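Engineer: Letter by letter, the chains look like this.
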Amino acid sequence: MAVRTRAYEADAAAAAALDTRLAGIGTWLFLAADLFFFVAWWFAFFYLRALNNHQDWKAQGIGPPSKGYGAIVLVLALATAITYFLGSRQATMAFLFRLLTPVAVFSRVTRCGTWDSA
Amino acid sequence: MVVSERRLSLPNNPITGIVLAIPGYFAGVWLGTLFGLDDDQNTGIILGYLFATAAFLIGIGFLNYPLERLFGWQVTPVTDPAENTGIGRFFRLSLDHKVIGIQYLVTILIMLLFGGIGAMLIRTSLLVPDSTITPPGNYISLIGLHAVMMIFITSAVIVGPFGNYLVPLMIGARRMAFPRLEALSFWVVPPAAVILAAATFWGGFPTGWTGYPPLSVQAGQGMDSYIVGFALIAVALVTSGINMLATIIGLRAPGMTWTRLPMFVWGIFTTSILGLLAAPVLAAALIMLAMDRTVNTSFFLASNGGSNYLWENLFWFFGHPEVYIFILPAFGIIMEIVPHFARKPLWGYRTGVVGLFGVALLSWFVWQHHLFVSGIAPVLRPFYMLSTELISIPTGIIFLVVLGTLWRARVWFTVPMLFCMGFLFNFLIGGISGVYLSDVPTDVTLHGSYFSMAHFHYTIMGGEIFALMAAAYYWLPKMTGKMLSPTIGRIHFWWMFIAFNSTFFPLFIVGLLNMPRRVAAYNPDLVGLNRWVTISAYFLFGSMLVFAGNLIYSWFFVARPAVANPWHARSLEWQVPTPVPAANFDRVPVIVAGPYEYGIPNARPVADLGGIVGATGGG
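As given, the protein sequences belong to chains C and H, one line each in that order.
Numbered by my numbering, the letters in the first sequence go through residues 1 to 118 in order.
Numbered by my numbering, the letters in the second sequence go through residues 1001 to 1619 in order.
Just so you know, these hints were derived from the structure itself, not from any lab.
Predicted model only: the values in this text are computed from it and were never measured.
Treat each hint with caution, since some may be false.
Stated by the list, open to error - Derived coverage of chain H by chain C (criterion: at least 3 residues anywhere in the stretch with Cβ under 8 Å from a Cβ of chain C; other residues may be distant):
(1) 1132-1142
(2) 1549-1563
Said to hold, decoys possible - Take a look, some chain C residues computed to stay more than 10 Å from chain H by CB distance:
(3) ALA12
(4) VAL39
(5) ALA71
(6) ALA77
(7) PHE85
Beta carbons: idealized from backbone N, C-alpha and C, even for Gly.
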């Protein structure tokens, strides 16, 4: 069913409703892309685990990757979630929201988060 | 909520972007060198490229909107009529889909020039059989640079310029769903091209476009350019896919039902599904490769418990749908243009749509045909052979739809139509030779030979680029407001058609005579054929210069203004004035008929446009 695009020239409320619907569609599409991104990682994990017949994955004597990278990603993910939660309560916590915006921007950009819905 | 009048007023343009990108690169290199675990500075180089790209995008102005929103400042409007004037709009961040389409077109043509020069250097090297012109190491780097640059180009060459410009016009929308996302999908392409070209400063990369490990893990720093450049193209594919799909799903005008959607839009729709889902897999694989090169993971190193087959599976899970990302919009163009010049309804509209979806669906189940000779379990071969051969069925359906449309038609042989005919001829050869390569016994012999090289050039250049030319001659009058010279266009077509076939058909023979790809030295018995191909390739390059000459001559010397609908076509994009108004339509059109109802008595106009131009009845 085509969206009544007549709406976005009618009034601001209808335009906002259309943007909300577009944002919803875009979010589902982004989730699909995100799913395939993580499926690639899951595939890599199970594929390598299945092939690990000789138990030489993480071989002795080989420098393991730093856990620091994973820790940074985890911290950024948590910071994003917390900031988003607080930001969504902007009406009551405007000052705190603005205080935390640089954190949100940094963490979103760093984690290649989704962009705007125009 | 009170909105502050403050707004960011940085001089956002490519110069600012470049000025910020240079220190961004060095900051990344410094940081990477500080924390990098590797001795080869790969961490620094990768971070340098990423920081430079981020800084470039900030300089272009991509951070303004999020900051304005977050700080409660005045937000730059999505559609600002003031930005739609002057040539300067093409050199800055624009949210107008028409401007972004032109930006894409010019950028892609420049990249095509460099990719073509790479092809000429390759063919020049093959004038002699003993690699005296180009040493083997340089030759393989040249192959890789040409290949990856061309992959970048062909991923975007139709969707970028024509998809962005035309999809809103064809569905009756006044904008794209996510204009900033659309702009981002364009502005990551120039950094990707520059980063890829920067590989030459590091000695290139030795893997070709497929990036197979362990060579890609062990290769020099040029490989980092491949990783980051390709990852940026993956970002472009995903963002473009989200934007196109959301636009087509959510912004169609009233009455633009799914069965009235133009075939070009269907081509973009199916392409966008593939780009949206395939590119993230590539991005993940590239991140794994980057981690193998920088932080001592071993995803792909068998010596440390990884597997090069993992890369081959992930890469081709992306890589084969990628092939259809090239060709599906080309199918859309052919099925779009042919009815207009055959002056007949499209024969089998729904069948054609099913054909597009059939190709898109099956493209997910064929990737291991690229691995037939890699040592995969033989039990896997029959499935992938059959699934690959199955793709010829929906492809054949699309051919039948076009041929059925041409059947007993009084064809108007314009320049776009000539290129459509050229597409059908070339793609038929490319498609049939592909069936041979999908067959395991013949693939074992022909894999890695010039036969497969000739096959994919017949499909990509003979198919997609001929469709691109058809689209250029068909739609550029609407996009630029200037008609292209039909006389030079005809010269261009015949020159390109003959030179193309003279270049690539002999390569089937060269391949059957066992000349391997990616090798600078070859059997001296094949020197005659190779010299013929090289000279033909020079002529083919010359045909592209004829096209460039036609653009310059028609735009700047003759400058004949294009009327609103020079082809008397029914479809919606031709019903708006030329040049296209900033908001596309005065009011949202109401679609009342399909775009291909030529020759049907009492056919209604395609849309109620409120009297902007007046839809043609066709016929």
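Engineer: State for each hint whether it applies.
Structural biologist: A quick look at each hint next to the structure:
1. Counting residues of the region 1132-1142 of chain H whose CB falls under 8 Å from any CB of chain C gives 0; the rule of at least 3 is not met.
2. Residues of the region 1549-1563 of chain H lying with their CB closer than 8 Å to a CB of chain C number 0, which falls below the three-residue condition for coverage.
3. Residue-level check passed: ALA12/C sits 13 Å from the nearest beta carbon of chain H, beyond 10 Å.
4. Interface exclusion of VAL39/C from chain H breaks down, the closest Cβ pair being 7 Å apart, not more than 10 Å.
5. With a closest Cβ-Cβ approach of about 13 Å to chain H, ALA71/C is found to remain outside the 10 Å limit, as its non-interface label requires.
6. In this structure ALA77/C is separated from chain H by more than 10 Å, as the shortest Cβ-Cβ distance comes to about 16 Å.
7. The Cβ of PHE85/C lies farther than 10 Å from every Cβ of chain H, with a closest approach of about 15 Å, so its non-interface assignment holds.
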